[in-house]
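Here the structure of chain A is known, so what remains is to put chain B with the ligands in place on it, guided by the hints.
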Amino acid sequence: MAKILKQRNIISLLILIAIVFPFLTKNEYFIHVMTLSFIWMIGVYGLNLLAGYTGYLSLAHAGFFAIGAYSLGILTVKAEMNFWLAFLLSLLITGILGFLIGLIALRTKEHFFAIYTLCVGYIIYLVIDKWDSLTEGVRGLIGIPAPGKAGPINFEEPLSQYYLVLFFLLVTVLIVYRIIHSLSGRTYIAIRNSEDLALTIGISTMKNKLSVFVLSTIFAGLSGALYASFIRFIGPDIGQISVTFDLLTYLLVGGIGTLSGPIVGTVLIVWLSQELQFLQDYRMLIFGPVLTLLVIFYPRGIVGALTGWKHKRDEKRKPQAARASSMAFGKSQVTVDKPVKEG
Amino acid sequence: MFLETKGLTKRFGGNTAVNNVDFTVEQGKINAIIGPNGAGKSTFFNLISGFHPPTSGQVIFKGQDVTKMPANKIAELGVARTFQTTNLFEQSTVLDNVIVGHRLRTKSTLFDAIFRTGRLKTEEAICREKAMEVIEFTGLMHVMGKQVGSLSQEEKKRTAFALALATDPEIVFLDEPAAGINPDETEGLAELIKQIAKKGITVCLIEHKMKMIMKLADKIMVLNYGEKIAEGTPEQIQNNPTVIKAYLGGSAIA
Ligand SMILES: Nc1ncnc2c1ncn2[C@@H]1O[C@H](COP(=O)(O)OP(=O)(O)OP(=O)(O)O)[C@@H](O)[C@H]1O
Ligand SMILES: [Mg+2]
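For the protein sequence lines, the chains are A and B, in the order given.
Under the numbering used here, residue 343 is the last one in the first sequence; the count climbs by one each step, no gaps.
Under the numbering used here, residue 254 is the last one in the second sequence; the count climbs by one each step, no gaps.
The shape of chain A in the complex, shown without the other chains:
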């Protein structure tokens, strides 16, 4: 119970900071960077659900991000559709494509799945790059509208855009939180820990993997659609594999298979990148080795390392009797911060 409360407290604190952040800084650029971070986080949560909790490392997520972004771009710019309708449709399109791709991709496992999705991601990128008549190819799509008015709120303002994106992020976190702490979450974790055993205890692994995969791509699509409406311009490069690796880096640094990992990792790396911008691409010389060391010594990232330390400390402190009582029925919860097979 203490753990749940702790987790809730941390999350509430983070939400509070996010809400007051624009009042703490008058610098519009900071707000811009933060909004962008929130957008990435949504995609990272999608990846986490699949790679972190179900054990399937997808390398196609930049592709789904791009599908979400381009669907919104094409529907609003070329088809001149109402923004929110286009927004909903882009999620739907990403989900349907995710379903079709998942049907095939999920026949593979482990590194074969990673390699297969890597190829899928590249194909998505190529289609966007080459299909000039639909996507405008390398020229990109210009003039994507900002989110339309929702009631009295106008989303042309950076501040209202910040809150709009924050809203979607919070919804994402809530959904992921609920899934992880439900029977579905237990099912995914079971599949991650041993797919054969999951089958033996009667779990339809294919059905479950497919639903996580689709949901995961919808989060990537949501992230992409928000990106398109925020930056207002998109080119094929948003579908490049390097974007997938960015998402994966955020996830690994923060903590794969942890609930707050995507937030921690994204904020940290995005801000570090900003601070180290004077190094240009040489900053990868620093990130590369640091990431490698982190994965070797802390496979569950920063959040995993912190909860690990806390866990050990609590174990030491707690006398035998208290430990037994804390395990009493009803108080235990799904242990979500567990290492994963892959990544």
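No wet-lab data here; the hints were simulated from the structure.
Even for Gly, the Cβ is constructed at its ideal location relative to N, Cα and C.
Hints are not guaranteed to be accurate.
Here are some of the chain B residues that sit facing chain A, going by a computed Cβ distance under 8 Å [as the list claims (entries may be wrong)]:
(1) Phe23
(2) Gly38
(3) Asn72
(4) Ala75
(5) Gln91
(6) Ile99
(7) Arg103
(8) Thr106
(9) Leu110
(10) Gly118
(11) Leu120
(12) Glu123
(13) Glu124
(14) Gly188
Structure of chain B with the ligands alone, referenced to chain A:
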């Protein structure tokens, strides 16, 4: 007929692991399969539980042909199993292991999870209740909050039983449940197996520990090089010359 195999055969390349086995499991009884190492006992279980497709032959459960069914569907029908090398969710606690064991009897989906529907809450409570019931039954109350990876061999075996029982089976297949545990613990496990049968769950087990088997089993089948060489009560098996020969003079038996 409760569970029955007809001409069940499995070939791995040129190696016939299970050869034309006809076997019937007696409902409500303790059925045992014995045989030397490599006789095909585990493979026989793998065929019944849908883990490997047989090369030929049939598996019939309660009148239904389940030969081509995937493992998860067979589990849903009420067939549970444990593995020879304990196969559990090592990084989870005993309780978490067993809770998910009842998942197959629930219906809640992602939608229920996202909207925290009443159905999800009810089913979560049911899964917990079931988990507590089988944890108590298998005598694991004192370790239910521990990670499975940190348990003793015997506790792991009991957890595997609990996980199998959490699926609400009508029949459990136990592959060498007493391997790697000491004589005292073996007694305890034998007692537990009796209790399972007493609950009305049919048991079918593979074991090398003859003393345990002879005391426990109502019916025994002997496999040798994939073939059934004998079938009968413990007394019949102990006095069967073919069986004695297969076990090199019979010193291993009785
Ligand atoms: N997946 C597999 N692929 C190839 N050969 C296999 C496979 N599984 C089992 N075999 C072979 O089938 C034969 C029977 O093996 P099995 O594991 O069923 O024996 P067993 O009776 O359970 O033996 P033990 O008492 O040692 O557990 C062996 O020769 C084994 O090498
Ligand atoms: Mg065996």
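Holds or violated: is the Cβ of Glu124 (chain B) closer than 8 Å to a Cβ in chain A?
Where the cut-off is 8 Å and the nearest Cβ of chain A is about 6 Å from Glu124 (chain B), the hint holds.
Tell me if the interface restraint on Ile99 (chain B) is satisfied: Cβ within less than 8 Å of some Cβ in chain A.
Status holds, d = 6 Å.
Would the hint on Phe23 (chain B) be counted as holding, given a Cβ-Cβ threshold of 8 Å to chain A?
Violated, about 21 Å.
Hinted contact Asn72 (chain B) with chain A - closest CB pair below 8 Å
holds (5 Å)
Can we keep the Thr106 (chain B) interface hint, with Cβ of chain A closer than 8 Å?
Thr106 (chain B) check passes; min Cβ-Cβ to chain A is 6 Å, inside 8 Å.
For the hint on Leu120 (chain B), just tell me whether its beta-carbon gets within less than 8 Å of chain A.
Holds, about 6 Å.
Is the hint on Gly38 (chain B) kept, meaning its closest Cβ partner in chain A is under 8 Å away?
violated (22 Å)
Does the closest beta carbon of chain A sit nearer than 8 Å to the beta carbon of Gly118 (chain B)?
violated (13 Å)
For the hint on Glu123 (chain B), just tell me whether its beta-carbon gets within less than 8 Å of chain A.
Holds: closest Cβ of chain A sits about 6 Å from Glu123 (chain B), inside 8 Å.
Restraint: Gln91 (chain B) near chain A, CB-CB cut 8 Å. Satisfied or not?
Cβ of Gln91 (chain B) sits 5 Å from chain A, so the hint holds.
Could you check if Leu110 (chain B) really has its C-beta closer than 8 Å to a C-beta on chain A?
Since the shortest Cβ distance to chain A is 5 Å, the answer is holds.
When the least beta-carbon distance from Gly188 (chain B) to chain A is tested against 8 Å, hint result
At 22 Å from the nearest chain A Cβ, Gly188 (chain B) fails the 8 Å test, so the hint is violated.
In the structure shown, a violation is registered for the earlier hints numbered 1, 2, 10 and 14, in ascending order.
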